Amino acid sequence: MENAYFKKFGPHTSYQLDDQERSDRGLEPDKLVKTHCCFCGQQCGMQLKVRENKIIGIEPWEEFPFNRGMLCPKGVKRYLQNSHPDRLLHAYAKDPSSPEGFRTMDYDEAVKKVAQEINKIQAQHGYDSFAVLTGASLTTEKTYLMGKFARLCLKTANIDYNGRLCMVSAGAACKKAFGIDRSANAWDDITKSDVIWIAGSNVAECSPITTEYIWAAREKGAKIIVVDPRITPIARTCDLYLPVKPGRDIVLFHGVLNIMIQNNWIDQKFINEHTVGFEDLKEHVSQWTLEKTAKETGIDEKSIMKAAELWGQASKSFMLHARGIEHHSHGVENCLGAINLVLASGRIGKEGCGYAMITGQANGQGGREHGQKCDQLPGNRDIENPEHRAYIAKVWGVDEKDIPRKGVDAYEIFRKVDRGEIKGLLSICFNPLVSLPDNNFIRKMLEKLDFYVAIDFFMSETAQYADIVLPGSLQEEDEGTVTQVEGRVIKINKVVDSPGDARADWKIIQDIAREVGRNHGLKFEGPKEIFEELRVASKGGISDYYGITWEKIEKQMGVFWPCPTEDHPGTPRLFEPGSWNPIAKGAGPFYFADGKARFHAAKYSPPKEETDKEYPIILTTGRVVSQFLSGNQTRRIGPLNDQCPEPFVEIHPKLAQHFGIQDGDMVTVESRRGKADFKAMVVKTIRPDTVFIPYHWEGKKSANQLTNSAQDPISKIPEYKACAVKIYKSAREVVQ
Amino acid sequence: MSVSPEMAFFVDANRCIGCQSCVQACAECDTHKGHSMIHLETIQREDSPQTVPVVCMHCDSPTCAEVCPADAIKRTSDGVVQSAKKPRCIACNNCVLSCPFGVPKMETKFELMMKCDMCYDRTSEGKKPMCATVCPSQALTFGPKDEIIKQRQSSTPVNEFKFGNQHIKTKVFMMVPKNTKEQYIDVTASMNDSSISQNMEDHLADVSLDFLGE
Chain F
1 MENAYFKKFG PHTSYQLDDQ ERSDRGLEPD KLVKTHCCFC GQQCGMQLKV
51 RENKIIGIEP WEEFPFNRGM LCPKGVKRYL QNSHPDRLLH AYAKDPSSPE
101 GFRTMDYDEA VKKVAQEINK IQAQHGYDSF AVLTGASLTT EKTYLMGKFA
151 RLCLKTANID YNGRLCMVSA GAACKKAFGI DRSANAWDDI TKSDVIWIAG
201 SNVAECSPIT TEYIWAAREK GAKIIVVDPR ITPIARTCDL YLPVKPGRDI
251 VLFHGVLNIM IQNNWIDQKF INEHTVGFED LKEHVSQWTL EKTAKETGID
301 EKSIMKAAEL WGQASKSFML HARGIEHHSH GVENCLGAIN LVLASGRIGK
351 EGCGYAMITG QANGQGGREH GQKCDQLPGN RDIENPEHRA YIAKVWGVDE
401 KDIPRKGVDA YEIFRKVDRG EIKGLLSICF NPLVSLPDNN FIRKMLEKLD
451 FYVAIDFFMS ETAQYADIVL PGSLQEEDEG TVTQVEGRVI KINKVVDSPG
501 DARADWKIIQ DIAREVGRNH GLKFEGPKEI FEELRVASKG GISDYYGITW
551 EKIEKQMGVF WPCPTEDHPG TPRLFEPGSW NPIAKGAGPF YFADGKARFH
601 AAKYSPPKEE TDKEYPIILT TGRVVSQFLS GNQTRRIGPL NDQCPEPFVE
651 IHPKLAQHFG IQDGDMVTVE SRRGKADFKA MVVKTIRPDT VFIPYHWEGK
701 KSANQLTNSA QDPISKIPEY KACAVKIYKS AREVVQ
Chain H
1 MSVSPEMAFF VDANRCIGCQ SCVQACAECD THKGHSMIHL ETIQREDSPQ
51 TVPVVCMHCD SPTCAEVCPA DAIKRTSDGV VQSAKKPRCI ACNNCVLSCP
101 FGVPKMETKF ELMMKCDMCY DRTSEGKKPM CATVCPSQAL TFGPKDEIIK
151 QRQSSTPVNE FKFGNQHIKT KVFMMVPKNT KEQYIDVTAS MNDSSISQNM
201 EDHLADVSLD FLGE
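Chain order of the listed sequences is F and H.
Take the first sequence: its letters are residues 1 to 736, numbered as in my numbering.
Take the second sequence: its letters are residues 1 to 214, numbered as in my numbering.
If we strip away everything but chain H, and leave its shape as in the complex, we get (with noise of 0.2 Å):
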């Protein structure tokens, strides 16, 4: 049982809603019930609600693997980088400290690195992951390649990163918009300027300051 080679990964940061409902789902995995392997980044609340969800990459030479002193983590012939073996990890970190996206977990608790593994679970018997069926805004997308890159026009999937001097080709695309489009970061920016000092600092200014506690 294995991946099959049409299906592809895709992330698209510019849907996220930030919901967490794939963290929230990944927990329900039957292989790690109640650990989350997603990590949901907040980039800059004070400038917009913008967020990330960052699954593992499946790296074509997975650098954790590769510092990996216990031979732990296997990377399967359909690209897969599966989570750390329990019976050989040695809990030593090497891999939650290399990895490129910051993506592996340490577990004290089970003294074990734990990572995304596409829910290979699933994906080896051609479900989708948990985190990409569940989520709302499609965010996280499972399906075949083809069909995907065709319905998202205006995204351009990337699966070449550099760190570096590290060049990173990944089986997890990143979904990169097209053309950079209008982003409101200040809501101000499309406000009637007149309107908010008539109505608001009219009244701030004589707004008694007493209050502030200072």
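For reference, chain F alone in the conformation it holds in the complex (with noise of 0.2 Å):
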């Protein structure tokens, strides 16, 4: 049977589209169409190339100012996701008889079934048992459906999204500390800067584009602080590396703020004028003295202290952070460590001067802004506060009583299948079997479930445990606009039709709400007219795109929000002194009623799971530059796959030798919840007592068969950066 199942589904690598045997083989495209990379937060602009409505290739787009024509190698491969020989071209339903698992089902057929299962199962066990589950790298159109679908059709409270495992530790950190989620600079800031500090971030593989605005920076002399248990590309050359032990990045931010006060290398005129409660903080970090910091966070003295002198007394400074310090059971407070250094330096809101957290997904910023979290109405605003439900009722035109309240977080929604609370599923654009920890929990949930219904271009691992699947679009059969990682909506052109049965996400939403028989509200022609109640819904709110129409994104190559009029150009930069929001109302920069950010006195906690005799490692996971987070795409792409086809593990020397391991042998790594073997990669570029898996990988080669679902409270992200493993040179050797 499995092998049947490939055989229909992949995964298969595709190459070129034509024989391999000639060495001239360009096609002359018909139309190049200006458009965006499918995959990362960066959102390069590039054009396609189509003949006759096939994607043949790509030419870069040079005019669009964040990447310049720059792309890394996904964005350079990304057509061959086109035509496809793994496409879902029909709609499938679950068929153990067929030797595929799958027989092909009439679409109209398929979503009526769909309609029913939804039905009986809500009938029977009340709305709330009929979950969603959705993602950041739909476009900000379709995530705005997916929220009004979840709450008005499915009246469901349990719809969350796949940027939990992403962006969510920022993004409540910059809510707490500045009263916005967003990158408070556009990207031209970091090359104004004199001192850039790097946390937790390995911009070189996971955002490419962003390490030529630091090179520039560094060319007119700015310093590079690096952070990070691994000497990443950036690292290599950053003047000051800090190996940071997985798990304790607000300890080296409290201890390196301790110096700053002790040698008043602080804005204290910034402090009192623009911020609360610096007191606490100011007490709460003196017990962090260099000797205990160090101590705690593995790394030197003399690199602590150069870090402080080197931000401390900086002129102008940009603070990045990336997953390495969100991933945690305590992400948020890592992410407050960051930004109080930005706000104890007075250092925001100026040119050059700045914060920024990297979004992973293709809209991991607009994904979380517009209602697909399970706790957010559109605009960013809170579906527990009643003047937000009021807003958003009176746009959708439903009783304030009707939008459900509050649902619980992606991963919860799985503890509470294992509850049997949850019957049913419908997922999108997320494929938790290969990106949610201890994935073998995953599995069973998906294999209890009553019913459930997945959308997807591709048949992910996930996609293989539906009762029926529908073929989705991808990025390049519809329109609509993300927001990049600076805050820039762009927009995303539409290059090609689906082919077969397969159609627009929008469509199948909207088709499955007619069959449920609640399609108030939903009943939209197309993205542009979901686009244009989106701006009127997040109107007012903090996330506030009311200004922005497609034409203006087209006209100013992208525009910043917050923008709330038409004739409003937009917001670049963040916080800059003297600027209206709608909160503060003039009081000050920040989002808060007077106008002044938040020091937060955040708590130090180890991760979960700490080593000890039986796990005495760090596990840490990560990505590679030419796979994508689960892999359900580039995973398909023959000359993508190629650069880095297994997942393998990073293992120091020093660690390798003391379990007689070898670069190349085959290691067996163990954790508390699962075990897997991978290639040893045995470099000096790794702290001795971690280990480096990436995670893109499906099954048996699964990083997250071992991480750990311990969560942050506030954030609810998971921690992949830290859990506790033992390893060993597997009994198997290595079969080439």
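Incorrect hints may appear among the rest.
[To be verified] According to the in silico footprint, chain H covers these stretches of chain F (three or more CB under 8 Å from chain H):
(1) 52 to 66
(2) 213 to 223
(3) 643 to 650
(4) 683 to 693
Rather than coming from a laboratory, the hints here were simulated on the basis of the structure.
Predicted, not measured: the structure shown is a model, and the values here were computed from it.
C-beta atoms are modelled at their ideal positions from N, C-alpha and C, and glycine is treated no differently.
Work from the hints to combine the two standalone chains into their complex.
This is the structure:
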């Protein structure tokens, strides 16, 4: 059965469209379409070459200001996902009697079946027994629609999204400290900075274009500080490398702040005028002496001191962080620690001074603003706030009471399946069987569901467990907006039509709503109409898109939100002195009633699972440049997959020697939750107490069999970046 | 149509992040689709993630052309050393063996030497080569020579090389750091030693070695 399944659904790797036997095989395109990459949050502008409704290649788009033609290998080869042999061209129903495990199904019948099952489950177990999982790679229009569909059609509280594994710690911290959840600057400010602190971000592999911004600053003399348990390519040539022990970032931030306070390297005037809570924080960080900080973080005292000297005495500085400090059971605290360093320096809201979290997914920013989170309504409104509820109820033309209350996060949805409280699931743009921690538990939960419908363009590892699979659209087959890493709203253009029975995701969702029998407010003619409603729904909210139109995006090559009116140009840099926002109403630049930012005396707690005698080594996980997230797309693109076809485990020679492991040996990595074999990469570029495995693979190759599902209590982000493992040479040898 | 004399190509290994975007983009060229002409070298992965992209350096007196018995390799007046001409190339491999930078590749399937021609189809029309357009770290850069040298104050552009007794001048510049900076080659250099020994080696000291599989 597995072979038949593979033959039908892959993953197969695609290469060029035509034969391999000629050296000059260039086809003339019919047209070039300007759009953006389908992968990460950098959202590089690019042109796709189209010939006869097929994408045959790419051409750089040098005029687009963010990337100016630059692309990483994923962008260069993304076109190979189009016309792919694994593409889902029909609806499928699970069928154990079929050799492939599925049989094709008429699309309309499949939608009717989905609606019947939803109605059946909800009639028996209540509305909340049916859950929805969505994703931050969807356009903002789709994410808005998903939130509305869940609340108005399914009437379920339980909708959440895969940004739960990505941006939520940074988002929560930003709201707590600044009152707004967005990177504070356009990337140009990075190039004008004197000191750049990069905390927990493998910039070169996870946000490659950002590298050039950092190098450009360095050419002008900027000092680069990189905090990471691994010497990544960006760390290789930095001015100061701090090899932090996984899970101890907050201690480093506190320790550095303490040195800054002791040396008066803080901006007391800014602190007095624009912030609240510094005295408490000052008291709190005083415990982190240099010696204690060095001991806890595993970084030598000299380097910590140097970091404080560089950051403390800078005239312009920029703080960048990513999942390395966020994927922790105290991820929000880590981010607050980073923000404390920024606020204490007073260097924000000015040219060359700022703060940014580097979003991971295509729409990591926009996808977390307009209502597909379990606790949120459009415009980054709070689903438990009566005024916010009333406003959205008015936009949606429903009674406020008809909007469900707060639901649970993506991981908790599976725990509710375990407890029998959730019986049915609809998923789109989410591959939790690969991407969630402790994924052997997720597999059991997928098997336990009474009914599961997946919308996808390829049969993902998770969709393989679905009762019905509906063929959705690739990014290039639909249009809409996304908000990239800087907070710039950009336009994705339609390049080709969907093949076979596949169709735009928003059509599928509205078809289901119609068949369920509740499609009030879900009769949009297209993404543009959805965007027009979203503008109104976001109006007056913190994520205010009201002044953004598709035409304006095209004209300006992107519009930075907040953009409250049509004559407003957008806001590339937040928190400028004298700036106005709807919360402070002129009282100050930050998004609180008094206009002041908040310091937080963030508490340090080590990772939930510390090392011990049985599991003495820290496992940390992350990405490689040629694969993307759960790999559902990139593992099918030949040249990208060839660049890194298998996961591996990075081990320091000291640790490798202790276990008799040599480079290339198969090593079993075992945690309390599972074990798996990986090829050893013995390198001096990782802490000897830590091993690293990239997480893009499925099944027995999946790093997330081992990871811990402990979550941050505020953001609910899982602790991917630190758990305890043991390692040993595998009994099985490599078969090449 | 020729490449403007004001424009120059720079290779800056200091910036390279090893992403292979150049390699992937090179293979997208319409004149050799599916075949990359760029070599991306990993120097010594155990010690460092350092990588170096190698493109044709476009020598003033190209050794590859000098050793070609079929006169298949031409240098145009703008200094670009063209890839071998299909009707002339006899696939003898002389160029592959003699190039001091190790650039040309023999494609036995086509019985043809293939190498970087600085994307002549693009650069001769005023565009940048594909690799230098996409390179996310701009380790490969193509642009106005004076402007780029001014922007990159920390590097010295070098285009003269010595291989034994052979002195080579190239059209492409290699960026060399002006001041040798601190390089991190072992993570432990900046670690707090006591922390390692307490947290890890204490644990490991008691770890049973039964599972080592010896």
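Going down the list of hints, with the structure as the test:
1. Taking a C-beta to C-beta cut-off of 8 Å, the region 52 to 66 of chain F contributes 4 residues in contact with chain H, enough for the three needed, and the coverage statement holds.
2. Beta-carbon proximity to chain H at under 8 Å applies to 6 residues in the region 213 to 223 of chain F; the threshold of 3 is reached and the given coverage holds.
3. Coverage of the region 643 to 650 of chain F by chain H is violated in this model, with 1 residues showing a Cβ closer than 8 Å to a Cβ of that chain against a need of three.
4. Counting residues of the region 683 to 693 of chain F whose beta carbon lies closer than 8 Å to any beta carbon of chain H gives 7, which meets the minimum of three for the stated coverage.
The structure does not agree with numbered hint 3 stated previously, though it agrees with all others.
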